[in-house]
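Asker: Residues per chain are reported as follows:
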Amino acid sequence: MSTTASVAAGMRRGILRAPVYVVLVIASVLAVVPFAWMAIASTHATSDLFGTPLPVLPGGELWVNLARLQESVDFSGVMLNSLVIAVIYTVFSSIVSIMCGYGLATYRFRGRGLLLGLVLVTMMIPMQVLLVPLFQMMASAGWIDTYQAVVLPFLANAFGIFLMRQGFLDFPVSLIEAARIDGANEFRTFYRIVLPVARPQIAALVIYTFISQWNAFIWPLLMLNTEDKYTVPVALNTMIGMSRVDYSGLMLGSLLATLPLMLLFLVFQKQFVSGLLGGAVKG
Amino acid sequence: MVATSLAVRERSRATTTRRRALGQRLQRPGAWFVLPAALLLAVFFTYPLASSLWQSFFATSGGVSTWVGLEQYARLFEDPLIGKSLANAGILLVIQVPLMIGLAVGLAYLLNQSWLRFRSGFRLLTFLPAVTTLVAYAVVFRVMLATDGGAVNQLLALAGVAPIDWLNDEWWARVALIAAITWRWTGYNMVIILAGLQSIPAELYEAARIDGAGRWQVFTRVVIPQLRPVLIFTTVTSTIGALQLFDENWILTEGGPNDATLTPVLYLYKVGFRQFDFGYASAIAWLLVVLTAIIAVIQFRLMREKP
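In the order they appear, the protein sequences are chains G and E.
Once you know that position 116 of the first sequence is 116 in this note's numbering, the rest is easy, because the numbers rise by one and skip nothing.
Once you know that position 91 of the second sequence is 91 in this note's numbering, the rest is easy, because the numbers rise by one and skip nothing.
Hints are computed from structural coordinates only; laboratory data are not their basis.
These numbers were taken from a predicted model, which means no experiment stands behind them.
Every residue gets a Cβ at the ideal spot worked out from N, C-alpha and C, and that includes glycine.
There may be inaccurate statements among the hints.
To be verified - Over the 10 Å line for every Cβ pair with chain E, so calculated as not near, a few chain G residues:
1. A9
2. R110
3. P126
4. E186
To be verified - Covered, in the sense of this in silico footprint (three residues per stretch, anywhere, with C-beta under 8 Å from a C-beta of chain E), are these stretches of chain G:
5. 36–45
6. 66–76
7. 96–108
8. 226–238
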């Protein structure tokens with residue numbers, strides 16, 4: 001009796017719940033199909049990408065495509081450029097953000113309110129507004145086509161600073177005080193006590209910073225004009241503009257461009273998400 | 001419940017007082033900590049921003065700059081491409097942003113159901129697009145949307161639909177751009193909204209249920225009002241994103257066909273670095289500053305207002 005009722009209830013619930021799974025499966029498929037297509041297309045010749053029927057299984061052209069990609073735009077060199085720039089940027093920008101965030105959260109000093117306001121304004125204003133004057137500055141410094149021109153103007157990352165400030169606001173003051181009573185000076189306290197405890201937030205910051213530089217397009221596009229200095233997005237952009245577009249190569253290049261971020265995401269899922277969302281969730 | 005929240009507030013007030021005392025004792029180290037950032041912001045943000053304003057009052061021809069007052073700003077009003085790029089951003093705002101935020105809320109709500117199985121799997125898969133490199137995903141969409149034999153048109157052909165000229169027709173190009181951006185950013189916004197959903201106290205749901213509210217009523221009367229700050233945040237971020245759009249429409253269509261996907265930032269890029277008309281580009285830049293400021297003020301107002 002009661003089992004029949006519960007089976008009936010279960011079925012009713014199942015009927016209500018089935019559409020939810022259907023919707024989620026459709027959404028997941030839509031999210032994944034372009035990835036799958038990118039991966040499959042990387043292993044076929046260009047002519048197959050537009051032939052009927054479309055290939056749905058991996059083909060055998062991966063190495064051929066890779067060799068062609070390497071020959072046409074030196075893709076391994078381009079990947080290395082992107083990696084070097086992103087790592088250098090991440091190291092220095094993170095240091096600047098961590099220090100500034102800590103200073104803003106922990107100390108009172110003259111100009112603190114002004115600086116905080118400046119950080120908030122920088123966060124809101126689109127960086128593209130600065131393209132013309134920054135371009136002129138780099139040109140007059142003779143830095144066009146150099147990596148310092150790509151990295152330096154955006155080292156103070158307002159979003160990163162804000163992220164760190166929010167993080168350090170929650171930092172237990174008692175720890176800082178204890179260190180101070182033990183006679184440690186401010187920088188030692190920061191280095192020995194604060195940094196180790198703040199490691200999870202710093203991990204999120206580092207990932208966020210790395211992604212923002214890896215994705216950077218418009219500024220490197222303006223700054224870099226010799227091919228052996230290109231970053232991945234700039235190189236992909238050049239490939240699109242070629243007279244005979246190598247579509248398989250483009251798909252393979254896009255796949256390779258995405259792989260480092262995918263790896264970061266799969267390994268550091270939690271920090272990756274909190275880094276991407278940043279202050280968003282905490283408000 | 002009330003007692004704990006009071007205790008928490010008390011503790012945080014104590015922390016604030018101690019923090020202030022701590023800060024007052026030590027002024028100088030604070031300044032040292034922020035010095036690198038302050039210098040960098042002054043040189044690479046404040047100065048160029050001011051320089052851009054200054055340059056917007058000049059016209060440059062043949063390497064000679066002449067003061068023209070507000071003439072560059074007057075050009076903004078007469079330039080049909082400014083109108084078109086703002087209209088394109090407006091189309092994104094009116095169609096793409098609500099579409100994406102709506103989808104994100106829906107997905108987040110479904111993913112937040114306690115009985116759901118494979119929840120982390122679904123969340124992982126729907127978030128995946130947010131992990132792609134911007135230029136790379138735009139490239140993939142460009143290839144998939146090719147008119148002759150592109151993957152999308154071939155799939156449509158299976159359903160008997162004639163090939164669509166995605167990237168060469170004004171309206172289809174906009175549809176393509178909207179689809180691409182929505183694909184890339186829905187999962188991102190979903191995760192933000194999901195975090196917002198998870199911070200809604202369970203008691204609120206229970207109270208609503210005791211009051212006899214149905215599923216839909218719980219959604220509209222409890223969930224949506226509680227999500228208000230998160231929804232404002234995601235909407236404003238997406239709005240600013242639409243104004244700043246460059247990577248996607250540059251790769252997909254270079255702003256074409258017939259400027260159908262031209263955005264203000266893409267136009268600024270073309271004026272500044274194709275025509276090298278720095279004065280006018282600076283005026284466009286300041287138009288963007290003003291528009292962003294207006295959006296910021298609206299956000300601030302909305303956030304302060306109680307629902």
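Asker: So is P126(G) really clear of chain E, every C-beta pair being over 10 Å apart?
Answerer: violated (4 Å)
Asker: Over 10 Å to the closest beta carbon of chain E is the bar; see if A9(G) clears it.
Answerer: With a cut-off of 10 Å, A9(G) remains clear of chain E, as the shortest Cβ separation is near 13 Å.
Asker: Do at least three Cβ atoms from the stretch 36–45 of chain G come closer than 8 Å to Cβ atoms of chain E?
Answerer: holds (count 3)
Asker: Taking 8 Å as the C-beta cutoff, is the stated coverage of the stretch 66–76 of chain G by chain E satisfied by three or more residues?
Answerer: This one is violated; 0 residues, fewer than the three required, reach chain E with a Cβ under 8 Å.
Asker: With a Cβ-Cβ cutoff of 8 Å, does the stretch 226–238 of chain G contain at least three residues near chain E?
Answerer: holds (count 4)
Asker: Please confirm whether E186(G) is truly not at the interface, meaning its C-beta sits more than 10 Å away from all C-beta atoms of chain E.
Answerer: It is violated; E186(G) is separated from chain E by about 4 Å at its closest Cβ, not greater than 10 Å.
Asker: Can you tell me if the stretch 96–108 of chain G counts as covered by chain E, using C-beta to C-beta distances under 8 Å and a minimum of three residues?
Answerer: With 10 residues close enough to chain E, the hint holds.
Asker: Hey, is R110(G) genuinely clear of chain E, shortest beta carbon separation above 10 Å?
Answerer: Non-interface label on R110(G) violated, nearest chain E Cβ at 7 Å vs cutoff 10 Å.
Comparing the model with each numbered hint stated earlier shows that hints 2, 3, 4 and 6 do not hold.
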